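Protein sequences, first through last, are from chains F and D. Every number in my numbering is 1 more than the matching position in the first sequence, counting from 1. Every number in my numbering is 1 more than the matching position in the second sequence, counting from 1.
These aren't lab readings, by the way, just hints derived from the structure by calculation. This structure is a prediction, so every number in the text was calculated from the model and none was measured. Wrong hints could be hidden among the right ones.
Note that the list lumps identical chains together, so a pair holds whenever it fits in one copy or between two copies.
Taking lysine to aspartate or glutamate pairs in the DMTMM-like style, the calculated list, with each CA pair at most 20 Å apart, reads [claimed, not checked]:
id, residue 1, residue 2
1, K301, E341
2, K347, D309
3, K281, D330
4, K72, D106
5, K301, D330
6, K301, E315
7, K347, E107
8, K301, D334
9, K347, E314
10, K347, E315
11, K72, E315
12, K72, E205
There are 2 protein chains.
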Amino acid sequence: METCSAAGVAGGDVRALARLITWLENGDPQAVPVMRALAARPRRAQVIGVTGPPGSGKSTLVDKLIAEARKRGARVGVLAVDPSSPFTGGAILGDRLRMQGHATDEGVYIRSLASRGRLGGVSAATQACVRALDAAGYDYILVETVGVGQSEVDVVRIADTVILVAVPGLGDDIQVIKAGIMEIGDVFVVNKADRDGADRVVREIRTMLETAAALKFGAMPERATVDTLSTHVMHGIGEGQAHVDPHAFLADLPPVVKTVAETGEGVPALLDLVIAHHAKAEASGALAERRLAGARAEIKSLVSGRIDAALSEEPAAGREASLARAVADGTMDVYGAAHELLAVLKAQPLGR
Amino acid sequence: METCSAAGVAGGDVRALARLITWLENGDPQAVPVMRALAARPRRAQVIGVTGPPGSGKSTLVDKLIAEARKRGARVGVLAVDPSSPFTGGAILGDRLRMQGHATDEGVYIRSLASRGRLGGVSAATQACVRALDAAGYDYILVETVGVGQSEVDVVRIADTVILVAVPGLGDDIQVIKAGIMEIGDVFVVNKADRDGADRVVREIRTMLETAAALKFGAMPERATVDTLSTHVMHGIGEGQAHVDPHAFLADLPPVVKTVAETGEGVPALLDLVIAHHAKAEASGALAERRLAGARAEIKSLVSGRIDAALSEEPAAGREASLARAVADGTMDVYGAAHELLAVLKAQPLGR
Chain F
2 METCSAAGVA GGDVRALARL ITWLENGDPQ AVPVMRALAA RPRRAQVIGV TGPPGSGKST
62 LVDKLIAEAR KRGARVGVLA VDPSSPFTGG AILGDRLRMQ GHATDEGVYI RSLASRGRLG
122 GVSAATQACV RALDAAGYDY ILVETVGVGQ SEVDVVRIAD TVILVAVPGL GDDIQVIKAG
182 IMEIGDVFVV NKADRDGADR VVREIRTMLE TAAALKFGAM PERATVDTLS THVMHGIGEG
242 QAHVDPHAFL ADLPPVVKTV AETGEGVPAL LDLVIAHHAK AEASGALAER RLAGARAEIK
302 SLVSGRIDAA LSEEPAAGRE ASLARAVADG TMDVYGAAHE LLAVLKAQPL GR
Chain D
2 METCSAAGVA GGDVRALARL ITWLENGDPQ AVPVMRALAA RPRRAQVIGV TGPPGSGKST
62 LVDKLIAEAR KRGARVGVLA VDPSSPFTGG AILGDRLRMQ GHATDEGVYI RSLASRGRLG
122 GVSAATQACV RALDAAGYDY ILVETVGVGQ SEVDVVRIAD TVILVAVPGL GDDIQVIKAG
182 IMEIGDVFVV NKADRDGADR VVREIRTMLE TAAALKFGAM PERATVDTLS THVMHGIGEG
242 QAHVDPHAFL ADLPPVVKTV AETGEGVPAL LDLVIAHHAK AEASGALAER RLAGARAEIK
302 SLVSGRIDAA LSEEPAAGRE ASLARAVADG TMDVYGAAHE LLAVLKAQPL GR
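Can you make the complete structure from the sequences, with help from the hints?
Below, the structure written as structure tokens:
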């Protein structure tokens, strides 16, 4: 039988680490004692999320970020996460990365994570894997997702810094980014910046960020400029924020950087921006807040998992089946059924 | 204060129905006594899900299905559901439908449902709204979704019959359908069938259905034909299914029908196929099974909702906050935190 000790993981045993991650991916309870033993260690790694539409060159960018971080002497862990909804074909990012020449580098650990089971569980599993990589001594942990759906957003939210990758010529995908994903980006990248239209994409992203900031600031649907923000302040809009200096406010917007991942152009600057974001977030307390939110989400996910497990055990499982039958037959209403099932659950041991 | 009685809803009071649906949409507890009072009534309506990629003409198709059902003397309820992930712009389907001339028809009730809160909740809320429309005496309840993402799939799963709409010329979207959504379709439509390539799309869908069936039958990656299936049976592949008649097996595949929603062409045939699917599913017990699964999902969703609510009340809320802080600080492991939180939850009243 395969085993895996916390000491092995912490001591750099890659096979122990791989086994632990497999357990976490599968929700195997064997992971629990190992993770509990590893939890005593303080968090050290910087966690970087990378997301963006398919075709934006995320994999190549991650490849070059790995190389840049290695140049600076850091060890790098990579989790390529595919929250495989039935609708993504599922390019196996991790495999692609492994082929790009890091396979023999002991300072790099690359792993694909597939979604087993429910979507909600992917981000919790990813978070646990991040903690395992952290304990194994990796300095940077890159979390890359396939696409930009809701589950991908949930996954990258666990990162300390989120890189949102756009690219010229995807037209509609920029619209996709517009629609709501903007808020999760801490650093924006326009990749393939040697293509026509890169500067236009940069401008579009800036405009979106400024508009979003203006809306937040004063609920006025216009682009934020020093002028419009000053007007807001003059008119007492942006309640409770009249002390905000518009120049400082605009300077606080996430940076937008151009890269050509194929050649590596712009990648050192990107890594610098990521490091700067992390340092700033650490100083302001924003990082602590984000990690608190992450911890809360992970606890809740474990609690739900335990309750789901309890629902599949007797007596809840049997009672649930008969309650569902009564609801389907129309002899019982669903609220009454939920009430009864909760009572059964409360009387049952929850969790191991 | 606005009120709403079960008798009003059951008696055809449209304003009472509208209010009840708003409560269900918002998760307002005022809905509970009304829904409990309505639960005693047997289910009568036939629930039809309509899904497919944006641009496939779903809205026009739904419009024409309404007209066809009205011609046959049936009353029709429509729920246009947008599980608004941040990434759908969210065309407001219900509004578009209302403008198509059913607004003054008392035999038609059209309503858009937005996603408030968590994704998991949309399908449960939709299911509750379907029950409200059923109690209000609508014969057909159409549930239309904006796109074809995971949450849309979850929503249409609650239908008795799912219509999956494809269209020529979307190329990639057919790929999307290929990837995994096929299994939820009970009746396949190739809409805009007056366009070039409609027959090719019909053939592609048939091939996919046959291949999927062949895989299920004998785990052989080839298209199912009477010949290949007979070969499977001869070779003892398709274990335990040697008694299956390949002709009957292929006849059992979901039908594929061409429509031109703009002109109404093919829509009567489509409604006939939907009705036939329903009758067959009722006779075979498949419908009862599907409704049982729906009831189970709805109960579970309510149970999770109650637990979430309990988590936001004292003492769990306070304990959760301090546990999350301990996990984020690294002074406690997440498994221990989940264990403690579960103990607090068990000691706390769950649900109203």
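Structure-based check of all given hints:
1. K301 with E341: between (23 Å within a copy, 12 Å between copies)
2. K347 with D309: The answer is both: 13 Å in one copy and 15 Å across copies each meet 20 Å.
3. K281 with D330: between (59 Å within a copy, 18 Å between copies)
4. K72 with D106: within (12 Å within a copy, 70 Å between copies)
5. K301 with D330: Between copies only: 17 Å across, 33 Å inside.
6. K301 with E315: between (23 Å within a copy, 16 Å between copies)
7. K347 with E107: Classified as neither; 49 Å inside a copy, 47 Å across copies.
8. K301 with D334: Between copies only: 13 Å across, 28 Å inside.
9. K347 with E314: Both ways: K347 and E314 sit 13 Å apart in one copy and 17 Å across, limit 20 Å.
10. K347 with E315: For K347 and E315, both the intra-copy (13 Å) and inter-copy (17 Å) Cα distances are at most 20 Å.
11. K72 with E315: Close neither inside one copy (56 Å) nor across copies (51 Å); limit 20 Å.
12. K72 with E205: neither (33 Å within a copy, 50 Å between copies)
Checked against the numbered hints above, the structure breaks hints 7, 11 and 12 and satisfies the rest.
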